[in-house]
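Novice: In case you want the letters, here they are:
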Amino acid sequence: NAGVTQTPKFQVLKTGQSMTLQCAQDMNHEYMSWYRQDPGMGLRLIHYSVGAGITDQGEVPNGYNVSRSTTEDFPLRLLSAAPSQTSVYFCASSYRGGDTEAFFGQGTRLTVV
Amino acid sequence: GNSVTQMEGPVTLSEEAFLTINCTYTATGYPSLFWYVQYPGEGLQLLLKATKADDKGSNKGFEATYRKETTSFHLEKGSVQVSDSAVYFCALRNNFNKFYFGSGTKLNVKP
Chain X
233 NAGVTQTPKF
243 QVLKTGQSMT
253 LQCAQDMNHE
263 YMSWYRQDPG
273 MGLRLIHYSV
283 GAGITDQGEV
293 PNGYNVSRST
303 TEDFPLRLLS
313 AAPSQTSVYF
323 CASSYRGGDT
333 EAFFGQGTRL
343 TVV
Chain D
145 GNSVTQMEGP
155 VTLSEEAFLT
165 INCTYTATGY
175 PSLFWYVQYP
185 GEGLQLLLKA
195 TKADDKGSNK
205 GFEATYRKET
215 TSFHLEKGSV
225 QVSDSAVYFC
235 ALRNNFNKFY
245 FGSGTKLNVK
255 P
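Heads up: the sequence lines are chains X and D, in that order.
So for the first sequence, this note's numbering puts the first residue at 233; every next one is plus one.
So for the second sequence, this note's numbering puts the first residue at 145; every next one is plus one.
Note that these hints are calculated values from the structure, not bench results.
In this text, all values refer to a predicted model and were calculated from it rather than measured experimentally.
Just so it is clear, CB atoms sit at the ideal spot from N, CA and C, and this is done for glycine as well.
Take these hints with a grain of salt, some might be off.
[Unchecked claim] Derived pair list, reagent style DSSO-like, types lysine-lysine, alpha-carbon separation capped at 27 Å: (1) D:K250 <-> D:K200; (2) D:K200 <-> D:K242; (3) D:K221 <-> D:K250; (4) D:K221 <-> X:K241; (5) D:K254 <-> D:K221; (6) D:K250 <-> X:K241.
[As the list claims (entries may be wrong)] From the derived model, a few chain X residues whose C-beta atoms are all more than 12 Å from chain D: (7) Q238; (8) V244; (9) V282.
Bound-form chain X, shown alone (with noise of 0.2 Å):
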């Protein structure tokens, strides 16, 4: 059981590039969400799906896409990179009810410069 599986897990892109941050998630979860981590400021939510076919914006979604055409896979695409972008990136994902925990996968450390 794989778990929440994140590709690629270092990146580097040159200002103005576009890349897409694979996700994919084998448990079945209706719920997949991005963050980016920052220095000094914990987590912060970029978009999430609660189911595939629906996606909404989260805290700081300004730069990225996403998009969820099946359960267990939800790409964040960058449309053009820019510095402010350097962070690392995690995908999550949950059950849809209740009190259950989010998974996360190993990150994505990108790097625009």
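Start from chain X and add chain D according to the hints.
Specialist: Relative to the frame of chain X, chain D by itself:
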């Protein structure tokens, strides 16, 4: 609104010392509360949780009690080890299934 506030770190302790990391929250309704731990270079892992008032979550010697009257969920451990060095996050899940995280507290345990 919903938010989580936890004490700033880093917290530096000697091995076998008593640990408390404070966490308070603001939420509408009746949230579930969580503590996560993050080791260097890794993702967040669930440490413990509590789903209703007066519940106590516990795991690996860590404990936290859901106190609705003080809106708190402080993390405690009686005797820390070097291997407990990590960043600890307090979090809540509200009635709309959204998670909110504190800013994290780094714990350094010295031998």
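Novice: All the hints need checking, so say for each whether the structure fits it.
Specialist: Now for the hints, and whether the structure bears them out:
1. D:K250 <-> D:K200: OK: D:K250 and D:K200 at ~23 Å, within 27 Å.
2. D:K200 <-> D:K242: holds (22 Å)
3. D:K221 <-> D:K250: holds (15 Å)
4. D:K221 <-> X:K241: violated (32 Å)
5. D:K254 <-> D:K221: Holds. D:K254 to D:K221 sits at ~15 Å (cutoff 27 Å).
6. D:K250 <-> X:K241: holds (23 Å)
7. Q238: violated (8 Å)
8. V244: It holds; X:V244 is separated from chain D by about 17 Å at its closest Cβ, greater than 12 Å.
9. V282: violated (7 Å)
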